[in-house]
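So you can see what is in the structure, the chains are spelled out below.
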Amino acid sequence: MRIDKDLVAASATPLVLGILSEGDLYGYAIIKRVSELSGGGMQWTDGMLYPLLHRLERLGYVSSSWGTSEAGRRRKHYAITPTGRDALADRQEQWTVVADALRQVWQSAQRPPAVIEGWA
Amino acid sequence: MMEAHAELEAQIGRWRGYVQRRQAISPADIDELEDHLREQIADRQATGLDDEEAFLVAIKRLGNLDAVSREFAREHSDRLWKQLVLVPENRDGAGTPPWRELAVVLALAVGAGLAVKVGTIWLDDEAVLARNLGLLVFPFLGAYFAWKRRLTASVAAMLLTPFAALAVVLNVYPFVSGGSTEVLAILHAPVVLWLLAGVAYVGGRWRSDNRRMDFVRFTGELAIYFTLLALGGAVLVGLTFGALSVVGIDLEPVMEDWIMPFAVPGALVVAAWLVEAKQNVVENIAPVLTRVFTPLTIVMLLTLLAVFTATGGLVDVDRELLILMDAILVLVLCLLLYAISARDSLAQPGLFDALQLVLVIAALAVDAVMLTAMLTRIAEFGFSPNKIAALGLNLLLLVHLLRAAWLTVGFLRGRRPFGALERWQTRYLPIYGAWAAVVILVFPPIFGFA
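Line by line, the protein sequences are chains A and B.
In terms of our numbering, the first sequence opens at residue 1 and continues consecutively.
In terms of our numbering, the second sequence opens at residue 1 and continues consecutively.
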């Protein structure tokens, strides 16, 4: 299944912030985590993650620091900030409302109103 | 196996070279992307793909480089703010050939010169000329941006309405000759005009913080280019003067009547074009200049403070000194703004940011001394348009610097992102324009045009 582009874009910020709230990570590990969490259903264009991370950093939601990988390469690690946690809580509330509304719509869609039968 | 890895290394090297040509992606970003690429390749190799296949998959997963680079550009507009204008997202056809832009610029530069020349002929009163000088040059600079940014009619109207209002006020108000409200209007008109030029520069998107910062950067770079042009011109004119005076020809009248009226406004238009077109030349100088002049300015401010405290109270200081000090504070503010605009907003707080805080605090101290001096003068000698204008400016500067200092402290302690400091600067800018407009519009009638 391919997830719609707009949906991926809308969920990217809360996903990244949520993943970082579990612990500090670097870019590739974040992508892997997203793939794990969605059972491989969400495939991001990897390159797009970095502008997003930089934007979150500029907004003060995450902070970054350079370290080295096991192989000795330069690697940038990201950590969520207190502002980022506030933003995440805010997003979480918004998504709960959306998900709740969607769930109700799905449920009523599964039980078509009886009137339609009369037309059949 | 070794050879195959060598081939992979070569491919990654070529990829790096290819990405490096994207101006929006900085070397640090490339390191970050390369780390990502290598991790992806290693994971693919672990699942049994060979080097070549793993590289291809990893590159594909990274995404279309144009699209990624555009995302980087959107986020880091400071890195290639000129590209945003010069290379639009979807290039329509061939675009403007370079010679046509040069022709437009030269025509506008000559036009600005002609306007000033005609102004000097028609407006024989020096004060009337001084009031109109900015109004004569502005349309040509505005026209350049209007042409370059393809301004819409509504933005053009937004520019022309205040321009026309300013022109009417400056020429219809019955200023008393040599009165201080007239001098104040002459001093404040360029501020309003410059902010209008800013609206044209940002293509009408004046609400955007990023675009405002671009304009601050543009202003600083324009000052540098203008100075360079002026220096070059001065050397050229000086040598010509010398050579001609040897053969007994005096260039002075030609200089006053023809060279200056054309050279100064022309240089302004040409400098604006140079900033637009030859960005890369200055880009590397800007951080260096701010780093050189920030410590020097701190020394200057501290010296001034020491002298003031040594000479005791400032009550009977010369009015000239207060005006001079205002100019110095405005200059410090320009330096601060330019330094902030030239800084990479993602860089960690460093020594230079601490130095900048020292600069702001020194400026605050000088501003406080000035305010006390002004208030005592007002208490002793009463109000005058000059004093109120200076007092207003000082209060604006005080608020600006206080908040900037507060935000810098927050940034140095890691409590706030640098973006907060940037946004404070860009949001505060229009207030100066509003104050300048008040000085031009409201002061003359209040003080009887004296």
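These are computed hints drawn from the structure, not numbers from a lab.
Warning: the hint list may mix true and false statements.
[What the hints assert, rightly or not] Mimicking DMTMM-like on lysine to aspartate or glutamate, the simulated pairs with C-alpha atoms at most 20 Å apart in a straight line are:
(1) K387/B - D344/B
(2) K76/A - D326/B
(3) K76/A - D344/B
[Stated by the list, open to error] Label-pair restraints from in silico Cβ distances:
(4) S154/B - G67/A: 44 to 54 Å
(5) P445/B - W95/A: 25 to 35 Å
(6) G350/B - W95/A: 31 to 41 Å
(7) S35/A - A164/B: 51 to 61 Å
(8) G67/A - G350/B: 46 to 56 Å
(9) V409/B - E70/A: 53 to 63 Å
(10) G67/A - D43/B: 49 to 59 Å
(11) A99/A - E53/B: 35 to 45 Å
(12) R207/B - D24/A: 29 to 39 Å
Computed from a prediction, not measured in an experiment: that's the story for all the values here.
From the three backbone atoms N, C-alpha and C, an ideal C-beta is built for every residue, glycine too.
Hints, verified against the model:
no.	hint	result
1	K387/B - D344/B	39 Å, violated
2	K76/A - D326/B	45 Å, violated
3	K76/A - D344/B	17 Å, holds
4	S154/B - G67/A: 44 to 54 Å	51 Å, holds
5	P445/B - W95/A: 25 to 35 Å	57 Å, violated
6	G350/B - W95/A: 31 to 41 Å	38 Å, holds
7	S35/A - A164/B: 51 to 61 Å	60 Å, holds
8	G67/A - G350/B: 46 to 56 Å	19 Å, violated
9	V409/B - E70/A: 53 to 63 Å	38 Å, violated
10	G67/A - D43/B: 49 to 59 Å	20 Å, violated
11	A99/A - E53/B: 35 to 45 Å	39 Å, holds
12	R207/B - D24/A: 29 to 39 Å	36 Å, holds
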